[in-house]
Every structure is written in C-alpha cells, then in structure tokens.
Amino acid sequence: MDKELEHQFITNLEKHQNIAHKICRIYTNDQDSHKDLFQEITIQLWKAYPKFRGEAKFSTWMYRVALNTAITLYRKKKRGIKTQDFDSVHFKIKSEEYDGEVEENLKLMYAAISELNDIEKALVFLYLEEKNYREISETLGITEVNARVKMNRVKTKLKSIINP
Amino acid sequence: MDELDILKKDWKQQEASLPKLSYNEIYKMLWKKSSSIVKWIFIISILELLFWGVLNISLSDGEFWKRMEVINLKEFTVIVYILSYAVTFYFIYRFYRNYKKISSTDDAATLMKNILTTRKTVKYYIGFIIISTALTSLVYAYFTIFHHAATTEVENVANYSFTVTQWLILSGVLIFSIGVFLGIIWLFYRLIYGILLNRLNKNYKELKNLEG
Numbered sequence: 001m002d003k004e005l006e007h008q009f010i011t012n013l014e015k016h017q018n019i020a021h022k023i024c025r026i027y028t029n030d031q032d033s034h035k036d037l038f039q040e041i042t043i044q045l046w047k048a049y050p051k052f053r054g055e056a057k058f059s060t061w062m063y064r065v066a067l068n069t070a071i072t073l074y075r076k077k078k079r080g081i082k083t084q085d086f087d088s089v090h091f092k093i094k095s096e097e098y099d100g101e102v103e104e105n106l107k108l109m110y111a112a113i114s115e116l117n118d119i120e121k122a123l124v125f126l127y128l129e130e131k132n133y134r135e136i137s138e139t140l141g142i143t144e145v146n147a148r149v150k151m152n153r154v155k156t157k158l159k160s161i162i163n164p
Numbered sequence: 001m002d003e004l005d006i007l008k009k010d011w012k013q014q015e016a017s018l019p020k021l022s023y024n025e026i027y028k029m030l031w032k033k034s035s036s037i038v039k040w041i042f043i044i045s046i047l048e049l050l051f052w053g054v055l056n057i058s059l060s061d062g063e064f065w066k067r068m069e070v071i072n073l074k075e076f077t078v079i080v081y082i083l084s085y086a087v088t089f090y091f092i093y094r095f096y097r098n099y100k101k102i103s104s105t106d107d108a109a110t111l112m113k114n115i116l117t118t119r120k121t122v123k124y125y126i127g128f129i130i131i132s133t134a135l136t137s138l139v140y141a142y143f144t145i146f147h148h149a150a151t152t153e154v155e156n157v158a159n160y161s162f163t164v165t166q167w168l169i170l171s172g173v174l175i176f177s178i179g180v181f182l183g184i185i186w187l188f189y190r191l192i193y194g195i196l197l198n199r200l201n202k203n204y205k206e207l208k209n210l211e212g
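Just so you know, the protein sequences line up as chains A and B, in that order.
Each residue of the first sequence is one higher than the one before, counting from 1 in the working numbering.
Each residue of the second sequence is one higher than the one before, counting from 1 in the working numbering.
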C-alpha cells in the first residue's frame, strides 16, 4: 500500500480518534476490550480507506465504519469475568461540577447505557453526538420514522431509570 | 435542564478523559490481524464447501463405480454427479458474489443483510446436500435390495423373501437411520450458526423491526 495513503490515513485517524474512543466507551466495559475494539475499528477503517474518495468528510465516513465494526464486525474476545467498577474505570464524572443528585443521575444513566442492546447504544451514541435524524437513518440504514420511534423509546427508557 | 441535556453536556466533557494515541501507536495497529466476524464466516464457509466437495469426490473411487455398475445405477450416478457438481459450482459462485458485496462502508442494515445473505448461501448448500444425500441413499438402498433379490437363487428367494410387514419394517429402519444421520449433521450446522450469527441476527431484527 502506498506510503502517501498510509500517512494520510494515520494523520486523519489521529485527528479524529475521539470518535472511535467514544464508541469503545459505549460498547465496552473495561480497558482491554476498549483497546481491542479500537484496534479492530482501526483495521476496518484502514481496509476500507482505499474506497474512501473524500466525497464525504473523513469524520462522517468514520462514524459509519466504526459503528459497523462495533455493532456487526467485531467479535468479542472471551475474557475472564472482570468485576471492575464501571464508572470508576470508564466515565470520569467530575464531582466538583455537579451537585450530589445530578452526579448520581449521571452515574445511573451511564450505567444504564452500558446495559442497552447494541442498536440502542448506537442510537444513544448518535444522539449524544448531535446527529440529526437524516444522518442517523443513513448511518443505520433505517427510515427516519423508524429512527425517531426507536430514539424516543431509548430516551424514555433512560429517563425512566432516573424517574421511575 | 432535562436529564438528557445534562448527559449530553457531560458527554462532551468526557472527551477530555479519552485516551490519546500517537501516530506511531496507530501505525502499529494497521498491521495487526483483524478478528472480524466476516473473516470467520469466510474461513468456515470455505471449509464447508471444501469438505463436502472433497468428500463427494473421494467417495467415488473405482470400487464405488464397480458397485454402481453391478446394481445398474452407473448412468444414474453419473447424472447425480454432474448435477451435484453443477449445483456446487453455482453455490460457490453465489457465495463469492455475496461475499464481495460485504462492505464496512455500507449502512448498518445493509451490511448486516449482506453478511446474513452470504451465510444463507452456505446454509442452502448444506440443505441441498442433506436432501440430495437422503434421496440418493434411498434410491441406492432400494436398488441394492432389489438387485440382491433378483440375483439370488429361486429356492433361496423363498427363504429370504420378506412379508409386507418385514418390508415396511426394513424401509422404516432405513429411512429412520438416514434421517437420524442427516439430522445430526443439521444440528451440527445449527450449532455453528448459533455461535456465529446469534448476535448478528438479533441486531438485524432489532434494527429492522417496525419496518415493512
């Protein structure tokens, strides 16, 4: 593979790596799995890169390939059961910024997100990334109506965890 | 502020705590092996196609053809073989076509559908093998028995000839054992399927429900 392409790819990925890391945070619960998934995303992006012609933005293209990897292509490695405290490893909530109740709610919501199924996680991720319904429906390959219905369900689900 | 808005705001702040990989770290990852499900599906499917193909060929040695000639099934066997080769090649071609369609740059639903279709091609091939094996086994069994009866000395035939009930029992046992044998193969495939495609099937259903 030509050096120029390689350099271009790594530079792009280095710049946009947050997208992949955020997906790893949503789809994995420990650092080893996070690394594994990140690596698979990198491999998949690299394999698909020759087909990336730059019609879309690198980031837009990356959302799609990275999510596809997390939902469909990635095969979870079997690991011994790890009992790491989810929020202490993964999401660092800055206590000083929130009052006690808000902080507690955030913890609950992050914990709830980790319990969602793969598709719901994708929806929450795209919502948190402020993608509009057109983009969501194009990324997932469903109609906008379906995307809306599903999104509302997930939102309700998350809210009901805090206000049962 | 709504809970979800707070979550959204916090989500942005989480970025500060994300890992940051260097150019070199990413470079090293490019050459690592993928453990993607598509790779596994490809390997397993190729192994299956090869297994059945080789089994088919290796069973048909000279001895086999001599036996077929004795029971007057040589022509039948030749036709069965031509057909099964044609069908095998057709399935390999379909498999290859479907496999080439799998692309990580498609939308999620299309990607899942293409993977499932590729796997389905192999499933149909196995289905074809099982059904055709069952049918040809029955034909061979029938002709072997018929041939045996026809070439045995007349006085002995009386000793050996079966009553209707005995025929029924014999056919029953034959059909039953062929059925059990093929059933086991089928179960084995369901198992491979379960392991490989369970999550994919579930996600595809989840994604596409509500859609006509």
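Quick caveat, the hints were computed from the structure, so don't treat them as lab data.
A few of these clues could be false.
[To be verified] For lysine-lysine, the following DSS-like pairs were computed, each having C-alpha atoms within a straight-line distance of at most 27 Å:
(1) B:Lys32 <-> B:Lys100
(2) A:Lys76 <-> B:Lys123
(3) A:Lys47 <-> A:Lys76
(4) A:Lys131 <-> B:Lys9
(5) B:Lys208 <-> A:Lys131
(6) A:Lys51 <-> A:Lys15
(7) A:Lys47 <-> A:Lys22
(8) A:Lys131 <-> B:Lys202
(9) B:Lys12 <-> A:Lys22
(10) A:Lys121 <-> B:Lys9
(11) B:Lys113 <-> B:Lys208
(12) B:Lys32 <-> A:Lys76
(13) A:Lys131 <-> B:Lys123
(14) B:Lys120 <-> B:Lys9
(15) A:Lys57 <-> A:Lys47
(16) B:Lys8 <-> A:Lys157
[To be verified] Computed, partial: chain A to chain B, Cβ under 10 Å:
(17) Glu14
(18) Asn29
(19) Lys57
(20) Tyr74
(21) Val102
(22) Ser114
(23) Glu115
(24) Asn117
(25) Glu120
(26) Val124
(27) Leu128
(28) Glu129
(29) Arg134
(30) Thr139
(31) Val145
All C-beta atoms, glycine included, are put in the ideal place defined by N, C-alpha and C.
Query raised in the report: Of the numbered hints stated previously, which ones are contradicted by the structure, given in increasing order?
Result: Violated hints (numbers, rising): 13, 14, 18, 19, 22, 23 and 29; every other hint is consistent with the structure.
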